[in-house]
Amino acid sequence: MKINYKRLFIASIFLCLALGAVFAEYKFPPPEFESNYSLPVMQRPPARAEILAYLDIFILLAVILLSAWASLKKRSRNIIMLLSLFSLLYFGFYKEGCICPIGAVQDAALALSSPGYYMPFTAVLIFIIPLAASLFAGRAYCGGACPHGALQDLLLIKELKIPRWLDRSLSLFAYIYLGLAVLFAVTGSTFLICKYDPFVPFFRLTGPFSMLVTGGIFLVLSLFIGRPYCRFICPYGALLKPLSLVSRNKVTVTPDKCIVCRLCEDSCPFGAINKPEKPEKRNIKKGALPAILFISGLLAGVILGNYTGAFCSAYNKEVGLAVEIHAYYEEGPGPGGISDEVKVYLDSGESPELLFTRAEALKNKFKKGGSLLGLWIMFVLGLQLLYASRKPKREIYEPDGARCLSCGRCFMDCPVERQEQLKRDGQRNVK
Amino acid sequence: MEENKTKKISRLEFLKNTGRGIFLAVLGAAGGAALARSKKSSAVWQIDPAKCTQCGRCATECVLRISAVKCVHNFSICGYCNLCFGFFQAGQRDLNSGGENQLCPTGAIKRKFVEEPYYEYTIKEKLCVGCGKCVSGCTAFGNGSLQLQVRHDRCKNCNECLIASACPANAFVRIPAASPYITKEGNENKL
Ligand code: SF4
Ligand code: SF4
Ligand code: SF4
Ligand code: SF4
Chain A
1 MKINYKRLFI ASIFLCLALG AVFAEYKFPP PEFESNYSLP VMQRPPARAE
51 ILAYLDIFIL LAVILLSAWA SLKKRSRNII MLLSLFSLLY FGFYKEGCIC
101 PIGAVQDAAL ALSSPGYYMP FTAVLIFIIP LAASLFAGRA YCGGACPHGA
151 LQDLLLIKEL KIPRWLDRSL SLFAYIYLGL AVLFAVTGST FLICKYDPFV
201 PFFRLTGPFS MLVTGGIFLV LSLFIGRPYC RFICPYGALL KPLSLVSRNK
251 VTVTPDKCIV CRLCEDSCPF GAINKPEKPE KRNIKKGALP AILFISGLLA
301 GVILGNYTGA FCSAYNKEVG LAVEIHAYYE EGPGPGGISD EVKVYLDSGE
351 SPELLFTRAE ALKNKFKKGG SLLGLWIMFV LGLQLLYASR KPKREIYEPD
401 GARCLSCGRC FMDCPVERQE QLKRDGQRNV K
Chain B
1 MEENKTKKIS RLEFLKNTGR GIFLAVLGAA GGAALARSKK SSAVWQIDPA
51 KCTQCGRCAT ECVLRISAVK CVHNFSICGY CNLCFGFFQA GQRDLNSGGE
101 NQLCPTGAIK RKFVEEPYYE YTIKEKLCVG CGKCVSGCTA FGNGSLQLQV
151 RHDRCKNCNE CLIASACPAN AFVRIPAASP YITKEGNENK L
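From first to last, the protein sequence lines are chains A and B. The opening position of the first sequence corresponds to residue 1 in the numbering used here, with each subsequent residue numbered one higher. The opening position of the second sequence corresponds to residue 1 in the numbering used here, with each subsequent residue numbered one higher.
What the hints contain is simulated information worked out from the structure, not anything from laboratory work. By construction, the Cβ of each residue, glycine as well, lies at the ideal position given by its N, Cα and C atoms. Please note: incorrect hints may appear among the correct ones.
[What the hints assert, rightly or not] Some chain A residues close to chain B (C-beta under 8 Å, calculated; not the full set):
1. Tyr26
2. Pro30
3. Glu32
4. Glu34
5. Ala47
6. Pro115
7. Tyr118
8. Met119
9. Gly188
10. Phe191
11. Arg204
12. Thr206
13. Pro335
14. Arg394
[Claimed, not checked] Here are some, though not all, of the chain A residues that point toward chain B, as calculated from beta-carbon distances under 7 Å:
15. Pro45
16. Glu96
17. Gly103
18. Glu360
[Said to hold, decoys possible] Taking lysine-lysine and the DSSO-like style, the derived pairs with C-alpha atoms no more than 30 Å apart in a straight line are:
19. A:Lys74 / B:Lys16
20. A:Lys250 / B:Lys124
21. B:Lys16 / A:Lys275
22. B:Lys16 / A:Lys241
23. A:Lys27 / B:Lys40
24. A:Lys95 / A:Lys257
25. B:Lys39 / A:Lys27
26. B:Lys110 / A:Lys195
27. A:Lys27 / B:Lys51
28. A:Lys73 / A:Lys275
29. A:Lys343 / B:Lys39
30. A:Lys195 / B:Lys16
31. A:Lys195 / B:Lys126
32. A:Lys195 / A:Lys95
33. A:Lys343 / A:Lys195
34. B:Lys16 / A:Lys393
35. B:Lys133 / B:Lys51
36. B:Lys124 / B:Lys110
37. A:Lys317 / A:Lys278
38. A:Lys95 / B:Lys16
39. A:Lys317 / B:Lys133
40. B:Lys184 / A:Lys343
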């Protein structure tokens, strides 16, 4: 009995404390109204319906399949053009860009490196589907389904030829950009690709001034240069290139045998058509020199990358905060007072040592990632040099497996194709 | 000669097939791992009100010219104060809705008499720019019934929210699209 009293006493103390806490939570207790006033309800406009995300996947799949069929089987530029117009309207102006496979590269990288990251199922599919398709049907995504590509493609009016060497060198940038974007994504710093996307502000018809300016530049460039973003910048293109190089089916200029009439030579606005070549006498210098050069190149890449990584880490929020906090403890608040970041951190009451350790770890991650990035760039560079110096035996005109964007422009320049079409039309008329 | 050629072509074919096999395996592994970690529901951006410090960047950093972030009111925890710290400027002369007394730079808060001594405050969302001034006043001196939220009828759901990457308090989180708000009353997303 005695114990029970004690319990009751303790319980009532807790009850009082709890009641006190409830009232203390609100400095001004919510009133009991005497008039028949009813509390308004907070409006909560819903987010885009979940089912629509699945519809997007379905449409993406359908457009890629159609585009593959139009570029490989039906061989019709008109259908490809209609598809890209649809994609521009749907994925571009209706869906307003996000999320697209190009940006999903970063989500995938982040999800793979840090398990806690919220990556929806549909985003994974958006990332994977075009890549998988390119292993079987070439860059069907680029041809008909990518709104970025479609916008540039439909804008091209007067094409300026870019010398081959310049085209090939500029296109190396895409690999560097891809590496950088992955580095920034896995360190949780920022999504470079999204931050500097030139076309999304146009799909939305609004955006930060800097984005609108870059977008404007790319739009003007697209009038004269065939798909500048696709060829030189797009990091997703950098992934698609090696995949479509080994694709099972490839776009061909001619439906039958190439008769080497040279009519299609200049028809590709992206410089993707390879000419027939006779293999020259190969005079590859045997010996250790190329190998030594390559290995020292890789080493230089690693070392330079390490420095670049350390430099890039300054753009990470956490590292930046650590620098600021350090300065604050060393020199006190600067002339402009303390920043919001510092204020929030000081209020949190965490020991700065913890922050410094975290920042140090991040910086190391950046350095390591930077080294890998350097290795990657050197590797791509070496591969590209090897690829360029290789003199394959080629007897016909054919699109480059990696660079062809499946646009179908070259088809109608081929006399064999036109002949076939005439034949088909004739058959139809006879029927 | 002819035989030589076919051999060469088949060697190329073989290389290609191997390459395709390798890429397919890598793609499958990466995709599988990503799928295993992925969440079923789509994601949206939202502000965790417990972390937000009303720094004002929500008004300036959004990709939209007028931010997708707005002030919302949790009526059930509001004190219906006559002197509302979210509505009146500090040092106001009179407790009336004269523009010179108001804290909100766009006059987006409506003050309505309910009964002595209570007043109701509602946000006219069209006018709100998400600067958080009222939220700051209410949180510091009042009940904290005003808070900032990403409004999903406006938000473009950027792959990386620009406000999130600028927020000094790391208050932005990704939450399931099915319950896309974190409000102080009737909270569906307890964090
Ligand atoms: S290369 Fe061009 S078409 Fe292909 S994904 Fe990139 S932007 Fe789109
Ligand atoms: S389909 Fe023809 S024109 Fe179009 S990118 Fe490929 S090679 Fe060039
Ligand atoms: S940026 Fe962050 S801290 Fe500033 S008002 Fe927005 S949510 Fe709050
Ligand atoms: S996701 Fe984009 S539109 Fe939405 S609040 Fe953030 S920046 Fe604004």
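For this session: Of all the hints given earlier, name the ones this structure violates by number, lowest first.
Result: When the structure is compared with the hints, numbers 3, 9, 13, 14, 18, 20, 23, 24, 25, 26, 29, 30, 37 and 38 turn out to be violated.
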